[in-house]
Amino acid sequence: MEIKFSKDIYKKRAINETIKVFNELAKFGTKENKNNFIVKITDIDKDVESVIKDEFCNYVLYLMKK
Amino acid sequence: MKNNNYKSSFKADISLYPIESIYGASYVFVDKVYIFLEKDAKGNVIINFKAKPDTTKKDLDKIVGEFQNELLNYTLRHSLSKTNKIIRQRIIERALYSSIGEEEDIWSDEEEVK
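Protein chains in written order, with the working numbering: chain W, 1 to 66; chain L, 1 to 114.
Treat the hints with caution; some may be incorrect.
A partial selection of chain W residues facing chain L, derived with a Cβ cut-off under 8 Å [what the hints assert, rightly or not]:
| no. | residue |
| --- | --- |
| 1 | 8 |
| 2 | 9 |
| 3 | 22 |
| 4 | 42 |
| 5 | 44 |
| 6 | 54 |
| 7 | 58 |
| 8 | 61 |
| 9 | 62 |
| 10 | 65 |
Cross-link-like lysine to any residue pairs, in silico, SDA-like; alpha carbons within 25 Å at most [to be verified]:
| no. | chain 1 | residue 1 | chain 2 | residue 2 |
| --- | --- | --- | --- | --- |
| 11 | W | 65 | L | 28 |
| 12 | L | 50 | W | 55 |
| 13 | L | 50 | L | 90 |
| 14 | L | 11 | W | 63 |
| 15 | L | 58 | W | 50 |
| 16 | W | 12 | W | 54 |
| 17 | L | 11 | W | 28 |
| 18 | L | 39 | W | 17 |
| 19 | W | 20 | W | 41 |
| 20 | L | 42 | W | 8 |
For the record, the hints were derived by calculation from the structure and aren't laboratory data.
If you're wondering where the values come from, they're calculated on a predicted model, not measured in any experiment.
Cβ atoms here follow ideal geometry from the backbone N, Cα and C, with glycine treated the same way.
Next comes chain W alone, as it looks inside the complex (with noise of 0.2 Å):
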């Protein structure tokens, strides 16, 4: 599973953020190209599989009001 969020929108330092929370829910790994911020997530636990992307992505954008 891989999210791609346009560094014209997101910030590094709320994706970060996102992962320390969600850490134990699942492996993330992270990456950039020119545009975009990369996140993959792997190992995933299994109560929260079918929500943990949105609910990844939310968290995030919380974060760039904050």
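Model the placement of chain L on the given structure of chain W, informed by the hints.
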């Protein structure tokens, strides 16, 4: 819990809706809907909505409408904040300057008594 695949999106012209306004409106709605932001080739922000479990299509449409209203609200607040920034600064400067002025008056009175 019923999962669904209801989605919606709209494009926000960045020249009309500052990104800070989009963040602000999104902050209000992240507990009701999943939101993901992308940019198109022209630099506009595409706001993607995905319904949370047990949300009907009708609910999602309502949420998107409310989001658009909230976006307008935040955009207005952002605009007013920018306009009033100078006025706020002047008020603070005046308040600080006034308090300095009061101390000088007290010293003047003592000299007069002497």
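Tested hints:
no.	hint	in the structure
1	8	holds, 5 Å
2	9	holds, 5 Å
3	22	violated, 15 Å
4	42	violated, 20 Å
5	44	violated, 16 Å
6	54	holds, 4 Å
7	58	holds, 4 Å
8	61	holds, 5 Å
9	62	holds, 5 Å
10	65	holds, 4 Å
11	W/65 / L/28	holds, 10 Å
12	L/50 / W/55	holds, 11 Å
13	L/50 / L/90	violated, 45 Å
14	L/11 / W/63	holds, 22 Å
15	L/58 / W/50	holds, 22 Å
16	W/12 / W/54	holds, 18 Å
17	L/11 / W/28	violated, 30 Å
18	L/39 / W/17	holds, 23 Å
19	W/20 / W/41	holds, 13 Å
20	L/42 / W/8	holds, 12 Å
Checked against the numbered hints given earlier, this structure breaks hints 3, 4, 5, 13 and 17; the rest are met.
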